[in-house]
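Keeping their order, the protein sequence lines are chains A and B.
The numbers in our numbering rise by one with no breaks, and the one at position 255 of the first sequence is 255.
The numbers in our numbering rise by one with no breaks, and the one at position 72 of the second sequence is 442.
For the record, the hints were derived by calculation from the structure and aren't laboratory data.
Among the clues, some could well be false.
[As the list claims (entries may be wrong)] Here are the simulated SDA-like pairs of lysine to any residue, each with C-alpha atoms no more than 20 Å apart in a straight line:
id : chain 1 : residue 1 : chain 2 : residue 2
1  : A       : Lys328    : B       : Lys453
2  : A       : Lys366    : A       : Tyr15
3  : B       : Lys455    : A       : Lys366
[What the hints assert, rightly or not] Residues on chain A that point at chain B, a partial pick, calculated with CB under 7 Å:
id : residue
4  : Ile40
5  : Thr146
6  : Gly233
7  : Arg299
8  : Ala300
9  : Ile301
10 : Thr322
11 : Gln323
12 : Ala341
[Unchecked claim] So these bits of chain B aren't anywhere near chain A, every CB distance computed over 12 Å:
id : residue
13 : Glu374
14 : Gly388
15 : Gly390
16 : Val391
17 : Ala400
18 : Gln423
19 : Lys453
20 : Asn460
21 : Ser475
22 : Gln478
23 : Glu481
24 : Ser484
25 : Ala487
Since the structure is predicted, the reported quantities are computational estimates derived from the model, not experimental observations.
Even for Gly, the Cβ is constructed at its ideal location relative to N, Cα and C.
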Amino acid sequence: MAQVESSTLRRTPLYARHVALGARMVPFGGWEMPVEYSGITDEHMAVRTRAGLFDVSHMGQIEVAGRDALAGIQRITSNDAAKLTIGQAQYAALTSERGSFVDDLLVYRLAEDHFLLVVNASNIEKDFAWIAQGVAVAGDAVAVNTSARYALIAVQGPASREVLQPLTGADLGMKYYWFATGEVAGVRATISRTGYTGEDGYEVFVAPAYAARVWDALIDAGRSVDLRPAGLGARDTLRLEAAMRLYGNDIDDTTSVLEADLEWIVSWTKGDFIGREALAAQKAAGVPRRLVGFEMSDRAIARHGYPVVIGNTPVGVVTSGTQTPFLKKAIGMAYVPASVAPEAEIAIDIRNRRVPARLVPLPFYKRPRK
Amino acid sequence: MYPETLKYTKDHEWIAIGDGVGKVGITDFAQKQLGDVVYVELPDVGTVVTQGQAFGTIESVKAVSELFAPVSGEVVEVNDGLKDKPEQVNTDPHGAWMVAIRLASPAQAGELLSAAAYIDLVK
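Next up, chain A with everything else stripped away, as it sits in the complex (with noise of 0.2 Å):
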């Protein structure tokens, strides 16, 4: 029974690895991906105090190449990659024409013209008919979906780089949102310090046959430092004390990025870009709604959906919410009218049940700076 319903999802070359570890495997966008191995909390802590291993394969890749990349490029998404050395990251908006998310993903530039998108996972087939369209029409520039040449694997906390360094002879100074190349544990290797935690660490690209290699040696160099294997559930409270936004709850084709206070994104001066102008005339105009941050005054959690009141009228909905192992706090993320003030006294409907919440600024938490 459950045989047939795993056959249809997708699984990473890690599969065999997590099962291994002991790891609760659940579908996600189509995979059947770890959501935990010793527990949420544990892994979560893991990462914000020491070291924590996530395989993250399931991500896509979107190669654009092509005289006209960087046009291409330009055109389809919210920042300004022209700011973009090689070897630099950036994260962006892939916008509709409505100045709403079709994605939201990174922009690394491989060569002068060569870009590499990741992409969520759940969108790989929608965002790769999306951007072959979109970047065509800026001239020389074609999109391959290369997902399934990069496995990703990502290695998130404070001890990260003295878990990376012994096994590559790449150099990990970066400064964070660049990249090298190299080998980690001899596999040829992209190497980003970038991730979804907000915590330091790198993300590896590598081939899929390789996949099993690097993450073995990187479990073995993690021993020192105490390292765990962290799934899709500490990925989600460890993104959502930073406030990163994820597609599908915080953002999606109905919310503008100037809605989900992701301004800074959004380059008003490098020229027109899809939803540009609906994006324009939303910042004239004053936003409808902003997307806030909120603290429970309980431990009961807030879930995607939920109602949030001002007195007795419903003025917004949850996107995000839990019980943050770090902080030790409830908190989630919601749709407010742009009119409530920050001090409002709000409350969130929690099945029937009101419980005071107040807006706080995000992000929850902040890495400390070294």
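With the hints as your guide, set chain B onto chain A.
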């Protein structure tokens, strides 16, 4: 793992009955399914609960589940200690009781599962 002295339900609660009062918690199997428990919402003392009906909720980081009453009766005591230390449900599932219910009908206890029958259910 599953004490013989407890009775169990198909919904993965246990009850320890003595003197017409039963203390209720969730099983080791249930806490493993939930993962790290962060919140337990319990009824007030004096609430009347019905066998098989929800009497509270339990939340883990991953999910929220209802707690079902193994027997009908009146809640005579609530374990307030779980408010601050809900993780006890994970560390000591068969010790971390949630409510004590005065059984309306002691015969209902006969309908519950023995440890052996429960082990069969979850194995």
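Hint check results:
| no. | hint | result |
| --- | --- | --- |
| 1 | A/Lys328 <-> B/Lys453 | holds, 14 Å |
| 2 | A/Lys366 <-> A/Tyr15 | violated, 32 Å |
| 3 | B/Lys455 <-> A/Lys366 | violated, 26 Å |
| 4 | Ile40 | holds, 5 Å |
| 5 | Thr146 | violated, 32 Å |
| 6 | Gly233 | holds, 6 Å |
| 7 | Arg299 | holds, 4 Å |
| 8 | Ala300 | holds, 5 Å |
| 9 | Ile301 | holds, 5 Å |
| 10 | Thr322 | holds, 6 Å |
| 11 | Gln323 | holds, 4 Å |
| 12 | Ala341 | violated, 29 Å |
| 13 | Glu374 | holds, 28 Å |
| 14 | Gly388 | holds, 30 Å |
| 15 | Gly390 | holds, 31 Å |
| 16 | Val391 | holds, 27 Å |
| 17 | Ala400 | holds, 14 Å |
| 18 | Gln423 | holds, 15 Å |
| 19 | Lys453 | violated, 8 Å |
| 20 | Asn460 | violated, 8 Å |
| 21 | Ser475 | holds, 29 Å |
| 22 | Gln478 | holds, 27 Å |
| 23 | Glu481 | holds, 28 Å |
| 24 | Ser484 | holds, 27 Å |
| 25 | Ala487 | holds, 22 Å |
The earlier numbered hints that this structure contradicts are 2, 3, 5, 12, 19, 20.
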